[in-house]
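There are 2 protein chains.
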Amino acid sequence: MYQLCLNELTPAQFLAEYWQKKPLLIKAGFRNFIDPISPDELAGLAGEEEIESRIVSNKNAVWDMETGPFEDFSHLGEDGWTLLVQAVDHWHPQSAALIEPFRFIPNWRIDDLMVSFSTAGGGVGPHLDQYDVFIIQGQGKRHWRVGMPDSSLKQICPHPRLLQVSPFIDCINVITEPGDILYIPPGCPHDGISLDPSLNYSVGFRAPAQKDLLTGLADHLIDQDITGQRFTDPERQVPASVGAISEQDLNQVQALLRQLVDDKAFAAEWFGSYISHAKHELDTTEPDPHYEADEIAEYLEEGSVLAKLGGLRTLYYQAGPAEDIQLFINGDRFLVPANELKTVKMLTDQVSLAVEDCQHFAADHGRLQLITVLINKGYWYFTE
Amino acid sequence: MYQLCLNELTPAQFLAEYWQKKPLLIKAGFRNFIDPISPDELAGLAGEEEIESRIVSNKNAVWDMETGPFEDFSHLGEDGWTLLVQAVDHWHPQSAALIEPFRFIPNWRIDDLMVSFSTAGGGVGPHLDQYDVFIIQGQGKRHWRVGMPDSSLKQICPHPRLLQVSPFIDCINVITEPGDILYIPPGCPHDGISLDPSLNYSVGFRAPAQKDLLTGLADHLIDQDITGQRFTDPERQVPASVGAISEQDLNQVQALLRQLVDDKAFAAEWFGSYISHAKHELDTTEPDPHYEADEIAEYLEEGSVLAKLGGLRTLYYQAGPAEDIQLFINGDRFLVPANELKTVKMLTDQVSLAVEDCQHFAADHGRLQLITVLINKGYWYFTE
Ligand SMILES: O=C(O)CCC(=O)C(=O)O
Ligand SMILES: O=C(O)CCC(=O)C(=O)O
Ligand SMILES: [Co+2]
Ligand SMILES: [Co+2]
Chain A
1 MYQLCLNELT
11 PAQFLAEYWQ
21 KKPLLIKAGF
31 RNFIDPISPD
41 ELAGLAGEEE
51 IESRIVSNKN
61 AVWDMETGPF
71 EDFSHLGEDG
81 WTLLVQAVDH
91 WHPQSAALIE
101 PFRFIPNWRI
111 DDLMVSFSTA
121 GGGVGPHLDQ
131 YDVFIIQGQG
141 KRHWRVGMPD
151 SSLKQICPHP
161 RLLQVSPFID
171 CINVITEPGD
181 ILYIPPGCPH
191 DGISLDPSLN
201 YSVGFRAPAQ
211 KDLLTGLADH
221 LIDQDITGQR
231 FTDPERQVPA
241 SVGAISEQDL
251 NQVQALLRQL
261 VDDKAFAAEW
271 FGSYISHAKH
281 ELDTTEPDPH
291 YEADEIAEYL
301 EEGSVLAKLG
311 GLRTLYYQAG
321 PAEDIQLFIN
331 GDRFLVPANE
341 LKTVKMLTDQ
351 VSLAVEDCQH
361 FAADHGRLQL
371 ITVLINKGYW
381 YFTE
Chain B
1 MYQLCLNELT
11 PAQFLAEYWQ
21 KKPLLIKAGF
31 RNFIDPISPD
41 ELAGLAGEEE
51 IESRIVSNKN
61 AVWDMETGPF
71 EDFSHLGEDG
81 WTLLVQAVDH
91 WHPQSAALIE
101 PFRFIPNWRI
111 DDLMVSFSTA
121 GGGVGPHLDQ
131 YDVFIIQGQG
141 KRHWRVGMPD
151 SSLKQICPHP
161 RLLQVSPFID
171 CINVITEPGD
181 ILYIPPGCPH
191 DGISLDPSLN
201 YSVGFRAPAQ
211 KDLLTGLADH
221 LIDQDITGQR
231 FTDPERQVPA
241 SVGAISEQDL
251 NQVQALLRQL
261 VDDKAFAAEW
271 FGSYISHAKH
281 ELDTTEPDPH
291 YEADEIAEYL
301 EEGSVLAKLG
311 GLRTLYYQAG
321 PAEDIQLFIN
331 GDRFLVPANE
341 LKTVKMLTDQ
351 VSLAVEDCQH
361 FAADHGRLQL
371 ITVLINKGYW
381 YFTE
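Same order as they appear, the protein sequences are chains A and B. Heads up, the first sequence is in the UniProt record's numbering, so the first residue is 1 and it goes up one at a time. Heads up, the second sequence is in the UniProt record's numbering, so the first residue is 1 and it goes up one at a time.
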């Protein structure tokens with residue numbers, strides 16, 4: 001378990017003063033930091049087909065970028081490169097634990113854990129991101145500089161697949177040591193150059209843009225085969241010009257769209273499904289054969305414990321205390337009775353189910369059915 | 001030119017009493033009707049790759065359906081089948097003329113002209129459509145029955161690709177003769193059985209559903225590479241449950257969507273592009289080589305005349321008398337100065353440009369540029 005110290009700030013104070021406002025250096029955010037993963041293990045993950053990885057190198061001021069999987073790193077030499085692996089939390093439970101201390105931000109806002117290994121001189125260059133990030137320094141040291149958003153910065157493309165920015169004025173200039181954390185809001189330029197072989201862990205966030213939301217909603221209508229209402233015009237008048245799109249027709253088109261968007265129940269349903277869908281592949285293995293509910297009941301009663309699959313996105317929405325709870329897990333939606341909020345929170349707010357939690361699930365038919373489905377999907381698995 | 005008689009109703013009266021409300025038989029809607037196309041010509045169109053056609057047959061109570069192109073009709077026998085060809089207005093100017101009398105409904109609501117040739121006993125069976133339609137009887141006779149919308153009707157699938165309805169009560173029961181017209185609103189069951197070899201012309205309408213509008217808007221954002229605003233939450237508070245999608249977050253997601261939908265200027269821009277896009281292929285041939293503007297000017301001044309390509313969708317939107325006019329032609333958008341409304345209407349409201357119209361285009365640089373582009377796209381073509 002990693003214990004986060006936010007420079008003596010409470011999470012509430014951090015949110016009020018820094019979150020989405022300005023970068024923060026959190027010196028020794030994790031005391032006596034121990035890396036959850038080794039560079040060799042990370043290289044192993046970068047060799048897997050289903051895991052997204054890339055190497056950025058900078059040799060004699062020439063930038064290069066390759067995408068994985070990678071079998072061999074020997075051509076890269078001793079320094080000037082960084083290996084970056086996405087969604088390590090999906091594949092490496094010990095690394096996934098690094099996300100947990102940041103769950104004073106709700107689950108749906110958290111994206112994934114990216115891990116980078118950099119040799120001396122390595123880094124991705126000065127750049128900015130659209131998303132908040134906490135960058136944790138693991139082994140080694142890195143020279144990090146962070147600036148405030150600056151619209152005068154220019155986009156630079158030192159390689160067709162690298163987007164950097166022109167030199168920026170820093171407000172943080174630090175050599176990070178194991179356990180140090182940088183919080184960087186969207187749009188803040190940052191640049192980290194490794195001083196020696198070092199690991200960095202990026203807890204990244206998710207912030208859908210209007211386009212993402214609208215295409216997500218459109219996909220939902222298509223998936224669910226929802227046609228909705230058709231344009232109707234029983235009140236139509238003879239138009240002055242047949243070519244004109246009238247103000248009234250356009251208003252009605254907008255009204256049809258607005259109705260889709262305004263419906264709170266519908267919005268909750270699609271947004272929950274949409275945002276609970278992991279962007280990167282999950283490491284799911286369905287038990288084969290599937291368990292029967294009574295087998296599960298037996299294990300749970302006997303003192304088994306369950307862990308949640310790394311990177312699994314678990315959310316819920318409840319419109320009011322008497323309303324059914326909508327539980328969203330990786331795009332799937334489960335309706336749970338209003339009085340089962342405790343049950344739902346065990347699934348959404350915890351990374352594991354201890355003995356007494358498991359017994360809670362065994363004690364009720366509906367709960368047992370639910371956990372059986374979730375175990376058979378490979379979303380929760382027995383650890384003991 | 002076909003002259004429409006709406007049973008002594010004015011178009012305004014027809015709209016008020018029948019449009020989208022109840023079916024209407026218009027006896028001799030076109031007096032002395034002459035078919036614009038022959039069954040042989042229709043069969044020829046059905047042989048083309050780019051033209052959508054199908055044959056529905058009903059032999060000894062067994063329904064069948066094939067899709068074109070069709071080279072040979074000999075296996076079909078003497079009776080019990082119908083050939084239906086979509087968007088004949090795109091390929092056959094004389095048939096396209098049949099749509100014009102119905103332009104007391106604005107252009108954007110009109111879809112295409114479907115033409116069917118039926119042998120004795122032929123028809124597609126009792127069914128209902130989502131769209132308004134005017135069905136014009138050409139040569140031959142057909143026994144048509146039309147009913148009112150009835151939610152008790154059942155869907156029947158006598159063939160995997162045919163959707164029919166259970167027997168319905170008719171409010172119109174007529175043997176249509178050349179020039180007779182049936183107006184049928186959405187959802188009204190109808191069934192037409194041919195008495196002898198006959199032609200029917202369906203002027204069909206377009207009425208986008210909420211799903212169509214939303215996916216259209218999403219495609220527009222993607223095409224135009226509009227990301228829009230990202231979700232931001234600088235005011236975030238520490239949540240009671242990290243798994244919850246809070247009311248406030250959901251409201252904000254809806255607000256982001258609502259903003260996309262509420263923006264009138266944006267709505268006009270995408271809806272105009274979206275709805276001006278023809279559903280079926282157009283018979284465009286770009287002049288090769290392209291004309292220069294001064295060549296065009298010369299032709300126009302010399303008394304040439306221009307015709308609009310069949311099926312071309314031409315619309316405009318003007319937010320107010322002082323605002324630029326947005327002219328939409330088959331998905332393309334042209335900005336035209338506010339004082340050029342007359343010019344725009346010549347393009348959207350007329351099927352051809354007579355000598356004096358052409359001279360109007362030659363008389364101004366901007367107009368000449370516009371018509372040059374449109375001619376070079378194959379959207380207008382010289383007929384003399
Ligand atoms: O680890 C790295 O080299 C890049 C980290 C970074 O820029 C980020 O997570 O935004
Ligand atoms: O012409 C036909 O056989 C079918 C006409 C029809 O049902 C329609 O246009 O809706
Ligand atoms: Co970054
Ligand atoms: Co029909």
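Keep in mind the hints are simulated off the structure, nothing from the lab. Idealized CB from N, CA, C, for every residue including glycine. Take these hints with a grain of salt, some might be off.
Unchecked claim - To be clear about the criterion: a stretch of chain B counts as covered by chain A if any three or more of its residues have a C-beta under 8 Å from a C-beta of chain A, and this derived list gives those stretches: (1) 86–93; (2) 97–109; (3) 150–156.
To be verified - Computed far set for chain B versus chain A, every beta-carbon distance over 12 Å: (4) Gly179; (5) Phe231; (6) Glu356.
To be verified - Some chain A residues judged to face chain B by a derived CB distance under 10 Å, without partners named: (7) Trp63; (8) Pro106; (9) Arg161; (10) Val165; (11) Pro186; (12) Val238; (13) Leu256; (14) Gly272; (15) Asp324; (16) Gln326; (17) Pro337; (18) Ala338; (19) Glu340.
Each hint, compared with the structure:
Coverage of the segment 86–93 of chain B by chain A is violated [criterion: at least 3 residues with CB-CB distance below 8 Å; count 0]. With 7 residues bearing a CB less than 8 Å from a CB of chain A, the segment 97–109 of chain B meets the requirement of three and the coverage assertion stands. A count of 0 residues in the segment 150–156 of chain B with a Cβ less than 8 Å from any Cβ of chain A is obtained; the coverage claim is therefore unmet, three being the minimum. Here glycine 179 (chain B) stays apart from chain A, with its beta-carbon at least about 23 Å from theirs, past the 12 Å limit.
Once the 12 Å rule is applied to beta carbons, phenylalanine 231 (chain B) is inconsistent with being away from chain A; the minimum gap is 4 Å. Listed as a non-interface residue, glutamate 356 (chain B) keeps its Cβ farther than 12 Å from every Cβ of chain A; the least gap is roughly 19 Å. A least Cβ separation of about 25 Å between tryptophan 63 (chain A) and chain B goes past the 10 Å threshold, and the interface hint is therefore violated. Because the beta carbon of proline 106 (chain A) sits about 5 Å from the nearest beta carbon in chain B, less than 10 Å, this interface hint is met.
Taking 10 Å as the C-beta cut-off, the interface hint given for arginine 161 (chain A) is violated, the closest approach to chain B being about 18 Å. The closest approach between the C-beta of valine 165 (chain A) and any C-beta of chain B is roughly 18 Å, which is over the 10 Å cut-off, so the hint fails. Taking 10 Å as the C-beta contact cut-off toward chain B, the hint placing proline 186 (chain A) at the interface holds, the least distance being around 7 Å. A least Cβ separation of about 5 Å between valine 238 (chain A) and chain B falls short of the 10 Å threshold, and the interface hint therefore holds.
For leucine 256 (chain A), the interface hint holds, the least distance from its beta-carbon to any beta-carbon of chain B being 5 Å, beneath 10 Å. Interface hint at glycine 272 (chain A): satisfied, since its Cβ lies 6 Å from the closest Cβ of chain B, which is below the 10 Å cut-off. Restraint check, aspartate 324 (chain A) versus chain B: the minimum CB separation of about 14 Å is more than 10 Å; hint violated. A least Cβ separation of about 9 Å between glutamine 326 (chain A) and chain B falls short of the 10 Å threshold, and the interface hint therefore holds.
Taken as an interface hint, proline 337 (chain A) does not check out: its beta carbon lies about 17 Å from the nearest beta carbon of chain B, beyond 10 Å. The beta carbon of alanine 338 (chain A) is not positioned within 10 Å of any beta carbon in chain B (closest approach about 14 Å), and the interface hint is therefore violated. Taking 10 Å as the C-beta cut-off, the interface hint given for glutamate 340 (chain A) is violated, the closest approach to chain B being about 13 Å.
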